[in-house]
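Here the protein sequences come in this chain order: A and B. Per this note's numbering, residue 1 is the first one in the first sequence, and the count goes up by one each step. Per this note's numbering, residue 1 is the first one in the second sequence, and the count goes up by one each step.
Hints are supplied without guarantee of correctness; some may be wrong.
[What the hints assert, rightly or not] BS3-like cross-link-like pairs, simulated, lysine-lysine; straight-line CA separation at most 25 Å:
no.: 1; chain 1: B; residue 1: Lys54; chain 2: A; residue 2: Lys368
no.: 2; chain 1: A; residue 1: Lys9; chain 2: B; residue 2: Lys112
no.: 3; chain 1: A; residue 1: Lys368; chain 2: B; residue 2: Lys59
no.: 4; chain 1: B; residue 1: Lys69; chain 2: A; residue 2: Lys216
no.: 5; chain 1: A; residue 1: Lys216; chain 2: B; residue 2: Lys59
no.: 6; chain 1: A; residue 1: Lys45; chain 2: A; residue 2: Lys14
no.: 7; chain 1: B; residue 1: Lys112; chain 2: A; residue 2: Lys14
no.: 8; chain 1: A; residue 1: Lys368; chain 2: B; residue 2: Lys12
Just so you know, these hints were derived from the structure itself, not from any lab.
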Amino acid sequence: MIRLLAVIKRDLLKFRRNPVIMFLSLVLPIVYLVILGNSFQGKLKGLPVGVVDLDGGPASRDFIQRLRAIEGGPGTFDLLFMKDQGAAVRQIREGGLKAALIIPPDFTRRSLARRRAQVGLFLDNTDAISAMTIRETMRAAFAASGIEYYPVREERAQKYLRDIDLYKKIDYDQSLVPGVVIMAIFLGTLTTGAFNLVMDRFLGIDESYLLTPLTKGDIVTGLIASGVIITTVITLIVFILSILITGISLWGGVRQFMLLLFVILLTTLGLLSMMFIFLGRVGHPRIVGLLTGFLNVIFFFPSGAVYPIESFPRWLKAFAKVNPEAYAVHAFKSVLFKNAGVGAIWGDMAFLTAFTVIAMTAGILAFKRTL
Amino acid sequence: MSAIEVKELVKKFGEIAAVNGVSFEVREGEFFGFLGPNGAGKTTLIRMLNTLLKPTSGKALVAGFDVVKDADEVRRAIGVVPQAMTSDLDLTAYENMDIYGRFYSIPARERKERVGRLLDIVGLTQRAGDLVATYSGGMRRRLEVVKVLVHRPRILFLDEPTQGLDPQSRRTVWELLKAFKEEEKLTIFLSTHYMEEAEGLCDRVGIIDYGKIIAMDSPEKLKGELPEQDTVVLELPDATEEIIRALKEFDFVQGVKQENGTLSITVKNGAHVTPLILSKILEFGKTVSSVSIKERSLEDVFIYYTGRSIREEEAKKVSMFIGAGIPKKLVQR
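Okay, chain A solo, but in the shape it has when bound (with noise of 0.2 Å):
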């Protein structure tokens, strides 16, 4: 253990003295911010729609034809039949779906007399691009099947779509935030860890501490430890900075800041891990640098943060399966914008989970005791 504790404290001390990366791992992250914020445009398909039609009468199956020559065109929708309400809601909110169009019993029958008819959309309004998205697409399907779109409180027309966000409204700005601390993360973990392996290999005093009897283990946990208290100061800092700026409040108080935390040590934890693998033997910065861009593209773009994963291409999409700050992504937006609870992302803990552990072993083993 006390050998442990002086991996990191050595790592700790080195970090407290090199402003400049400290300086640039809180900066940057708002740069990109900015940067990537206004970079992202692109048509978003096979957006997950959930259906309960309670109906089934020939107003309701004309509707739904149209919105299947839509999933059939543009493929904006996959829609997905249900017939349970209750659990398409629930689905939007596990992220699922991310929306659900509810045709209620009566609609065609109202339809027919002409009366007062109407269906809901209850929407993911935490993903913003989605949800405007779907809820315009919807309002296009309406409008092609005659009938007129009004907004909830218009009374004129007889039927009407009936769109509700399920969450507290979300600006655009404050949709970035995840991928801020994300970002934050990202650069914190290239910047720590295996990188200042990486330095001492390069500056030849890597010598120093493999005459040691320090093991592998020793070396790599260590190094991931302090590297994990270094990114996690760092990202608390960036968000706390962003959800001040932009005006996000923590309504689930303590147990949500408690998990947004624990979100941000276990994606740390995993990335850094991760970096292990991939610098464990590199023995140049200038290899740090040129992988810092090609990491970043390949982990951080496709990851949701900043552009909704619905609008990659197949193979893309596929890669996001796999790809931790998707997951990390995913289980902040919930936590942040809904409040969900443990149950709405133990599957992306679990992953981070499985993640970290293979990474860590990994990296263990990539790592080379000699010289």
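Start from chain A and add chain B according to the hints.
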């Protein structure tokens, strides 16, 4: 008992054998030196003995432990001052030593006492709280030496410990090593390409060239094995061909070499024949500015066994093997 036992040790990088079938023993308490030019295989050999490199073949025991099978025990028994300065520049001297002591799980109180005492011995107590980045080269080297003594190793390895130091700092390090050897009852294994370092410090010296040991004994015995000859060095900028020819006619003259305004004359029994040489030069109407008789040194031993000067070798040889400042990727392929 032997502190170090090496049998037929080989290390190859691709097709190049950096160490090629080396065998030797170092006795406990001995100050043993490895002498050779850069690229001779000294650092590679030390790194194998320190567990940093795995031998291609052969066997080495350090403090009775196999360097491959019992690497951890070897690391606990040794202290190593590598060729490069390895202390963290971002930390103070005290922090460097304290953390090093923690790597060996030395209890806090013992660590504090030991670090304080060692820093005191090398005169760094006043600067113990300063960042190592602010130290001079000599101070850093002193720190390097004492840092690896915190855990009381039985065997101390030093790879070119005075390279790049000014003469005064070099002498300080030598004095420290002598003192620590006695006080800590250390076995010291030193690699160097400085003749005077090997001669002044070592009980025994092994001369290594192209990965092989070509001679090994005490400096005195190695010099004693040379044929009886001295070198008379005359400062004579305007020496002519006639003078050189006339000197070569003496029976006792074995060779004459003209270089940079000096004549180096290899003779038997230099002290007796020098007046005869000076008389001959006077006959040509020339005056000698200075005369010196060079005694046999380890440099002569190296020349005797290899046919080359170690300094000539230094100048022309590109370092092929691992050494400080040479990217490892280049040399390990």
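Report task. Check each numbered hint from earlier against the structure, then list the numbers of those it violates in ascending order. Result -> Hint 6 is the one this structure does not satisfy, whereas the remaining hints hold.
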